[in-house]
Amino acid sequence: MDLKEQFDATIGHTPATSIDVDATMTRMRRRMWTVRGTAAAMTVGLAAAGAMLAWPMLANTQQPSPNSGQQRAELPAAATPETEQAIAARLTGAVQAKLGALLPGATLVPNWAGHDAAVVYPERPVAVPTTLPWNQMRAQADVQDQLGTGFVDVLIGRTTADPNATDYCLPEGAIARQGTTQATTWAGECSVRAPMGYPLGIFASCAEYDEVLDGEDTCTEQTTAAGDHVVMLRGTHQFRVDVARADGTAVIVMSGSRAHAGGTRPTPSLTIEQMVALATDPGLAL
Amino acid sequence: MRKSEEAAYRELVTTRLDAWRRTAYLICRDWHRADDLVGQTIEKLYLRWRKLSEVRDIDAYVRGMLGRAWLDELRRPHRRELTVSQVRDIDATVEEDASDEVAARLGLSELLDRLAPRKRVILILRFYCDLSVEETADLLGITEGTVKSQTAKGLQTLRELATADFHEVGAEK
Numbered sequence: 001m002d003l004k005e006q007f008d009a010t011i012g013h014t015p016a017t018s019i020d021v022d023a024t025m026t027r028m029r030r031r032m033w034t035v036r037g038t039a040a041a042m043t044v045g046l047a048a049a050g051a052m053l054a055w056p057m058l059a060n061t062q063q064p065s066p067n068s069g070q071q072r073a074e075l076p077a078a079a080t081p082e083t084e085q086a087i088a089a090r091l092t093g094a095v096q097a098k099l100g101a102l103l104p105g106a107t108l109v110p111n112w113a114g115h116d117a118a119v120v121y122p123e124r125p126v127a128v129p130t131t132l133p134w135n136q137m138r139a140q141a142d143v144q145d146q147l148g149t150g151f152v153d154v155l156i157g158r159t160t161a162d163p164n165a166t167d168y169c170l171p172e173g174a175i176a177r178q179g180t181t182q183a184t185t186w187a188g189e190c191s192v193r194a195p196m197g198y199p200l201g202i203f204a205s206c207a208e209y210d211e212v213l214d215g216e217d218t219c220t221e222q223t224t225a226a227g228d229h230v231v232m233l234r235g236t237h238q239f240r241v242d243v244a245r246a247d248g249t250a251v252i253v254m255s256g257s258r259a260h261a262g263g264t265r266p267t268p269s270l271t272i273e274q275m276v277a278l279a280t281d282p283g284l285a286l
Numbered sequence: 001m002r003k004s005e006e007a008a009y010r011e012l013v014t015t016r017l018d019a020w021r022r023t024a025y026l027i028c029r030d031w032h033r034a035d036d037l038v039g040q041t042i043e044k045l046y047l048r049w050r051k052l053s054e055v056r057d058i059d060a061y062v063r064g065m066l067g068r069a070w071l072d073e074l075r076r077p078h079r080r081e082l083t084v085s086q087v088r089d090i091d092a093t094v095e096e097d098a099s100d101e102v103a104a105r106l107g108l109s110e111l112l113d114r115l116a117p118r119k120r121v122i123l124i125l126r127f128y129c130d131l132s133v134e135e136t137a138d139l140l141g142i143t144e145g146t147v148k149s150q151t152a153k154g155l156q157t158l159r160e161l162a163t164a165d166f167h168e169v170g171a172e173k
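Protein chains in written order, with UniProt numbering: chain Z, 1 to 286; chain F, 1 to 173.
What the hints contain is simulated information worked out from the structure, not anything from laboratory work. In this text, all values refer to a predicted model and were calculated from it rather than measured experimentally. Any given hint might turn out to be false.
[Claimed, not checked] Subject to a maximum C-alpha distance of 30 Å in a straight line, what follows is the list of computed DSS-like cross-link-like pairs (lysine-lysine):
| hint | chain 1 | residue 1 | chain 2 | residue 2 |
| --- | --- | --- | --- | --- |
| 1 | F | Lys3 | F | Lys44 |
| 2 | Z | Lys4 | F | Lys148 |
| 3 | Z | Lys4 | F | Lys119 |
| 4 | F | Lys153 | Z | Lys4 |
| 5 | F | Lys3 | Z | Lys4 |
| 6 | F | Lys44 | F | Lys148 |
| 7 | F | Lys119 | F | Lys44 |
| 8 | F | Lys51 | F | Lys3 |
| 9 | F | Lys119 | F | Lys153 |
| 10 | F | Lys119 | F | Lys148 |
[Stated by the list, open to error] Chain Z regions said to be covered by chain F (calculated; three or more residues, Cβ under 8 Å):
| hint | segment |
| --- | --- |
| 11 | 243-250 |
| 12 | 266-279 |
We treat Cβ as the ideally placed atom computed from N, Cα and C, and that holds for glycine.
With these hints in hand, go ahead and build the complete structure from the sequences.
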């Protein structure tokens with residue numbers, strides 16, 4: 001029996017699955033429509049806003065209503081929480097602006113995974129059902145410059161769990177989050193519960209560090225004047241920077257050389273210092 | 001996505017679903033998590049479908065996505081420490097059915113559990129999914145040298161663990 005057959009024997013019988021391909025397709029179709037609809041609504045909204053701004057210039061002979069200022073003052077302050085799409089759009093602007101400043105002359109292109117270059121998208125950990133809110137934001141890109149092709153990968157989340165998040169039930173056998181318990185038996189239906197919005201899994205210190213990059217990694221750490229704690233991992237062809245920011249935002253920046261894929265670039269696209277500058281950029285605050 | 005594209009997507013996913021679930025199970029060692037992993041991966045596959053026209057082997061690409069998604073998940077600190085309220089009992093019927101096949105299955109299963117996650121993923125992609133060193137390196141975003149060294153170390157670890165278990169069993173007898 002060769003190793004492949006042994007693997008098959010190890011798996012044994014394949015149980016029935018809860019995955020419904022047609023339901024997945026319907027859900028993803030709806031999601032794509034929602035994204036398109038949101039984009040269309042934003043376009044319409046921007047056009048409407050432009051028209052509103054242009055209106056006084058076009059009709060400057062009209063006097064404003066004497067009550068208009070009072071009415072404006074009586075409007076309640078906007079208290080709507082920032083939507084997932086709005087956060088992603090805001091962070092995209094910040095990430096792209098910072099990368100543009102750090103890498104003048106470089107071109108950002110979609111990476112092997114096919115995500116749009118340096119466009120932030122919400123990402124959910126595997127254990128979190130996709131019907132629940134996002135857990136972290138992520139942007140990826142390949143970076144092309146005169147030295148060759150490398151990559152950058154940015155994850156943005158929180159250093160602590162969201163205290164207002166609603167608990168959810170993990171699947172049977174799932175592992176509860178370290179430190180915040182939740183591995184409790186719950187009457188009847190749910191054996192393991194965990195709070196939503198749990199934090200991004202950064203290395204808080206080099207003591208937590210294990211081998212994640214190239215096998216010859218080194219780790220150093222420092223705290224910046226602003227109070228951001230920075231853990232820096234250096235591998236042969238990859239660097240990783242984990243930052244627990246004083247403002248409660250957690251950021252992981254990874255950069256590499258794509259040397260493994262036949263690339264000629266000798267070092268990662270970003271230096272450790274550039275990665276720290278990106279991770280501590282005020283624009284990345286959640 | 002056009003109807004023809006959806007039909008192609010549906011055909012691929014329904015045809016390969018069980019194979020992907022089995023790969024995911026080998027990687028994460030839990031059927032619930034394997035289903036979560038595959039569920040998320042086929043969603044990503046749907047979103048990227050049009051961009052995958054140049055991918056030579058989508059099946060290998062998906063298996064790489066599974067491995068990479070799982071290793072991403074393991075990088076979170078909460079995944080590195082097991083916290084459970086109860087220890088799961090081992091099914092007593094297994095001991096009664098002590099055929100060689102079941103014993104061999106349990107043996108490799110336990111050895112896989114004890115293997116470091118990245119080594120496990122690399123061994124699975126290389127020897128269960130039949131991916132080359134280059135493909136494995138590219139899909140996991142690591143160097144070919146790392147794949148080679150981790151493969152050698154992983155196989156060596158399996159041998160050492162199996163030998164240790166064999167000696168332990170022998171000593172008990």
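Against the structure, the hints:
1. Under the criterion of a C-alpha separation no larger than 30 Å, the hint pairing Lys3/F with Lys44/F is consistent with the structure, at around 18 Å.
2. Simply put, Lys4/Z and Lys148/F have alpha-carbon atoms about 18 Å apart, close enough for the 30 Å limit, and the pair holds.
3. A threshold of 30 Å between alpha carbons decides the hint, and for Lys4/Z with Lys119/F the separation of about 16 Å falls inside it, so the pair holds.
4. Restraint check for Lys153/F and Lys4/Z: satisfied, since their Cα atoms lie roughly 18 Å apart, inside the 30 Å limit.
5. With a CA separation close to 37 Å, the supplied pair Lys3/F and Lys4/Z exceeds the 30 Å bound.
6. Under the criterion of a C-alpha separation no larger than 30 Å, the hint pairing Lys44/F with Lys148/F is consistent with the structure, at around 29 Å.
7. Taken as a hint, the Lys119/F and Lys44/F pair is honoured in the structure, with Cα atoms around 25 Å apart against an allowance of 30 Å.
8. For the given pair, Lys51/F sits about 16 Å from Lys3/F by alpha-carbon distance, which is consistent with the 30 Å threshold.
9. Note on Lys119/F and Lys153/F: the hinted pairing holds, with a Cα-Cα distance of about 8 Å set against a maximum of 30 Å.
10. For the suggested pair Lys119/F and Lys148/F, the alpha carbons sit about 10 Å apart, so the restraint of at most 30 Å is met.
11. With 0 residues having a beta carbon nearer than 8 Å to a beta carbon of chain F, the segment 243-250 of chain Z misses the requirement of three or more and the stated coverage is violated.
12. Proximity of the segment 266-279 of chain Z to chain F, defined as three or more residues with a beta carbon under 8 Å from a beta carbon of that chain, is not established by the 0 residues found.
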